[in-house]
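Q: Modelling step: build the complete structure from the supplied sequences, incorporating the hints.
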Amino acid sequence: MNQITLSLPAHLHQQLEEKAAKNRKNVEEFLLEIIQKEMEASQDKPAAYTKDDEEKVKERLKSLGYID
Amino acid sequence: MTKVLLFGIDGGEPSLVFERWRKDLPNLDKLMQKGCYARMNSAIPPNTIVAWNSMISGRDTSEIGVFSYTFKDKDGQSKLVSSKNIKCKLMWDILAEHNKRSLALYVPLSYPAKAMNGCMITDFLTPGVESECTYPSSLREELKQFPDVEYFFDVVQGLAGHKSLDEGTIVKRSYAMTEMQIEMIKRLITREKWDFTMSVMIGSDRLQHMLWRHFDETHRRHIKDSPFKEAIPKYYQYLDQKLGEVLSLLDDDTVVIIASDHGMVKQEGKININLWLLQKGYLVLKEGVDPSKKQKFSNSFVDMEKSFAYGGGAYNARVFLNKKVLEKNYESFKQKIIEELKAIPDDQGRKLETHIYTKEEVYKHSNDPDCPDLTIYFDNLRWASNPDFGSAGMYSWESAVGADSAGHSTQGLFIIAGKGISNKGNMGVINIQEVAPTIMQALDVPIPKDLKVKPLPVFEENKSKTKKTVRQRIWHIFQNQH
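As they're listed, the protein sequences go chains A and B.
So for the first sequence, this note's numbering puts the first residue at 47; every next one is plus one.
So for the second sequence, this note's numbering puts the first residue at 10; every next one is plus one.
No lab work stands behind these hints: they were computed from the structure.
Heads up, the beta-carbon is just placed ideally off N, CA and C, and yes, glycines get one too.
Mixed in with the good hints there might be a few duds.
[Said to hold, decoys possible] Taking lysine-lysine and the PhoX-like style, the derived pairs with C-alpha atoms no more than 20 Å apart in a straight line are:
| hint | chain 1 | residue 1 | chain 2 | residue 2 |
| --- | --- | --- | --- | --- |
| 1 | B | K295 | B | K315 |
| 2 | B | K96 | B | K373 |
| 3 | B | K93 | A | K102 |
| 4 | B | K433 | A | K83 |
| 5 | A | K83 | B | K83 |
| 6 | A | K68 | B | K373 |
[Unchecked claim] Among chain B residues calculated to face chain A with C-beta under 7 Å, some are:
| hint | residue |
| --- | --- |
| 7 | Y78 |
| 8 | L89 |
| 9 | S91 |
| 10 | I353 |
| 11 | P354 |
[As the list claims (entries may be wrong)] Some chain B residues judged to face chain A by a derived CB distance under 7 Å, without partners named:
| hint | residue |
| --- | --- |
| 12 | T79 |
| 13 | K93 |
| 14 | P121 |
| 15 | L134 |
| 16 | P136 |
| 17 | V165 |
| 18 | P457 |
| 19 | K458 |
| 20 | D459 |
A: The structure is reproduced here in structure tokens:
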């Protein structure tokens, strides 16, 4: 794995250390997890439904009161 | 090796199974007598897709990353959620890391099917049998052999809603659907290798939503002497019989869990949440939007430069506070509106037993944009929420869409029995997130370090799989010697 050095303000590093400890991780593991989650969330995922399929299922859910 | 079978009864109501109809449900009664059972606090909100996934991950709603059936995409469009929205590991993901094989059958929010160590047939959010509804995909061909495969995933198909069906058709199709689903459970548990099987029967939820007032004499819209008054109790008896058939195929090494995602409660009516916010002056509509006109509420109606809040939700209400306008008054406004929402009475002026959860108190990741600031259970969910416009006054009784007979209640049911499970009987109340680590302990799989919830104390002492520390072992030896 290619590694880079990241500079962080001391107070932020301390906060990270505390948060990471609470999650039973070291700072590096904790940061990696956050970054990975953020990257995954920002990626465009292929649509699960076609437009027609989505309408079909939405209509079913509306009739049950599951969606408004 | 121990196996776990989780037989889910969607909307299985604990008061009906544990008390009212227990004597008519011999297989469930036997499991309760042999093992442990409890009322189970559902997820917040007690929404089917959230609750089942909370049960098999041990995570809260915000960790799963799904708050309701729709979410806003990057362009702000409302999209239907799917298995691709789930942000945490589910039971079969965790078990696969320990070479354990799972069968995931009809588990809500499993569509589209994903590759896994085992087999999957997806849930009621599946568009149809030609879609990505199975893993491996070859299983689809087997489903297609059922003559009624159109109703394999749910009792309605296409653009027809449940309300477009008469009661007799709903009952008939619920049985047809369940029959096919049970048949596939039986085939798969006998021919596949598995360590964990989970199946969810959705027919119970559908019948209760649609037919509750036919049997509940306390319902304000009860239909006296309805020909469908026995439909729900008969279906519970039928499910119990089918459960017996499944249990007869299991070996003695299996731990059996019966669970529901939420219970059911009669629906008194709906509180028109956005009309209330409008009346209070907290919601300001854009020019040209007429709230007296019958129309579905849309966030695009809201003047975001002037509004403090806007609402949504179906069985529970959801209120989003507009931080941009409230700025530093956010906290004080939140407290004020909570008190005011709690003071909303019923249509006859009676006080309601309303519970309100703030996102900070119940969710680990409360900054998710889909996370409502307030989740409201009007009268503990006996009153639902109507966000739409066009109703006269604060209350509405029937809506163009949506079941009006019963909604979701806050507690489901949990029963566990089998190899290594103690005979504690009624355990009181448990939490839905506690089920996941309990399954892991039964299967001797390490519980993820960051999972906050612990396994339920259901294991026999001498068969407890909890690893003792060296100090505990020494202390145990010391105690036995003295």
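Q: Now, for every hint given, state plainly whether the structure supports it.
A: Results for each hint:
The straight-line distance between the Cα atoms of B:K295 and B:K315 is roughly 9 Å, inside the 20 Å bound, and the hint therefore holds. Note on B:K96 and B:K373: the hinted pairing holds, with a Cα-Cα distance of about 13 Å set against a maximum of 20 Å. The hinted pair formed by B:K93 and A:K102 meets the criterion: a straight-line CA distance of about 19 Å does not exceed 20 Å. In summary, the hint linking B:K433 to A:K83 is not supported, as the alpha carbons are separated by about 41 Å, beyond the 20 Å threshold.
Distance restraint check for A:K83 and B:K83: the Cα-Cα separation of roughly 16 Å lies within the 20 Å cut-off, and the hinted pair is therefore satisfied. A C-alpha spacing of about 13 Å is found between A:K68 and B:K373, which places the hinted pair at or below 20 Å, so the restraint holds. Using the Cβ-Cβ criterion of 7 Å, the hint placing B:Y78 at the interface with chain A is satisfied: the shortest such distance is roughly 5 Å. Among the interface hints, the one on B:L89 holds; its C-beta lies about 5 Å from the nearest C-beta in chain A, closer than the 7 Å criterion.
With its C-beta approaching chain A no nearer than about 3 Å, B:S91 sits inside the 7 Å limit, and its interface hint holds. Hint on B:I353 is violated. Least Cβ distance to chain A is approximately 18 Å, over the 7 Å limit. For B:P354, the shortest C-beta to C-beta distance to chain A is roughly 23 Å, which exceeds 7 Å, and the interface hint is violated. At a threshold of 7 Å, the smallest CB-CB gap from B:T79 to chain A is about 6 Å, leaving the interface hint in force.
Look at B:K93: its Cβ gets to within about 5 Å of chain A, closer than 7 Å, so that hint holds up. Among the interface hints, the one on B:P121 holds; its C-beta lies about 5 Å from the nearest C-beta in chain A, closer than the 7 Å criterion. This hint holds: B:L134 has a C-beta 6 Å from the nearest C-beta of chain A, less than the 7 Å allowed. With 7 Å as the threshold, the beta carbon of B:P136 comes within range of chain A, its nearest partner Cβ sitting at about 4 Å, so the hint holds.
Restraint check, B:V165 versus chain A: the minimum CB separation of about 6 Å is within 7 Å; hint holds. Contact between B:P457 and chain A, as hinted, is not supported at the beta carbon level, the nearest pair being about 10 Å apart and thus beyond 7 Å. Against a cut-off of 7 Å between C-beta atoms, the interface hint on B:K458 holds, since the closest Cβ of chain A lies about 5 Å away. A cut of 7 Å between beta carbons decides the hint on B:D459: the least distance to chain A is about 6 Å, and the hint holds.
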